[in-house]
Amino acid sequence: EDQVTQSPEALRLQEGESSSLNCSYTVSGLRGLFWYRQDPGKGPEFLFTLYSAGEEKEKERLKATLTKKESFLHITAPKPEDSATYLCAVQTSRSSNTGKLIFGQGTTLQVKP
Amino acid sequence: DAGVTQSPTHLIKTRGQQVTLRCSPKSGHDTVSWYQQALGQGPQFIFQYYEEEERQRGNFPDRFSGHQFPNYSSELNVNALLLGDSALYLCASTGQGVSPLHFGNGTRLTVT
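In the order they appear, the protein sequences are chains A and B.
In terms of my numbering, the first sequence is residues 27 to 139.
In terms of my numbering, the second sequence is residues 1239 to 1350.
Keep in mind that a hint or two might mislead.
[Stated by the list, open to error] Simulated restraints on C-beta separations:
#1 A/Pro-34 with B/Ala-1276: 17 to 27 Å
#2 B/Glu-1289 with A/Tyr-77: 21 to 31 Å
#3 B/Ala-1318 with A/Pro-139: 42 to 52 Å
[Unchecked claim] On the chain B side, residues computed to face chain A include the following (Cβ under 10 Å):
#4 Gly-1241
#5 Tyr-1273
#6 Gly-1280
#7 Gln-1282
#8 Arg-1295
#9 Leu-1328
#10 Ser-1331
#11 Gln-1334
#12 Ser-1337
[What the hints assert, rightly or not] Reference listing, derived: stretches of chain B covered by chain A, where coverage requires no fewer than 3 residues with Cβ under 8 Å from a Cβ of chain A:
#13 1283-1294
#14 1341-1348
Hints in this document: simulated from the structure, not taken from any laboratory.
All residues carry an ideal CB built from backbone N, CA and C; glycine is no exception.
When you get a sec, could you build the whole thing from the sequences and use the hints?
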C-alpha cells in the first residue's frame, strides 16, 4: 500500500535556529513529490515539486531535497512567519495526473521570536 | 488572477441530512479534485473531475458524489451525513501538462 509518513509531528524552533523536516514514502512508483505549506484556516499553498532523486529546489529560507526513499525540507534561519503546517504529498504511477495526491499527516512548525 | 474559490466557508448540518459544496477552479484550469481533511491530518483524496466526468476516485463511499459543469466549476454532494463526515473539504484545480495542484481555503463542515 502506498504510504507517506512525516516526522516530527510538531517542531518548535527559536528564530534563527535551522532544522529539517522529513518525509518518507513507500509507493509503487514515484511520479512527483510535492511540498505544501498550510496556515490555520487556510488551504495548502504550493511550495515545491521534485521529480527525481538528487533534485533540489530552493525558495527563500526553504530548500527541498529528494532521495529514493525520502525528502527533506530544510529551513535555514527561520522567522516567526515561517510558522505553519508543512505537508508532503506524492503522485504515484497509478495516478494519471497531479490531481490525485497521497498526503502525509504534516509537520506543525512553530518558530518563536 | 482569481485562485480557487469555495462556498460556503462554514456549514453546520444534522446527521442524516445532505449537503452540497461548491468550487470554482483557478482561471485557466479545467480539472478539479476534492479532498477531505480531518483535524490534525493530511488531506485525503475523494475524487477528480475532468471534462464533466469523474476520472479518479479515492476510497470513499457512494454517499460522496460530485459534478462538474461546462464552465469547469464543480460540486461535491454528501448524502446521509455521519458525525465522522465533519472535516475541512478542500477543492483543488490543475491545468494540463505538468501542473501542481492549487487549493482553495475549504469549507468547514460540522455534522451534529
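Looking at the structure, which of the earlier hints fail to hold? none
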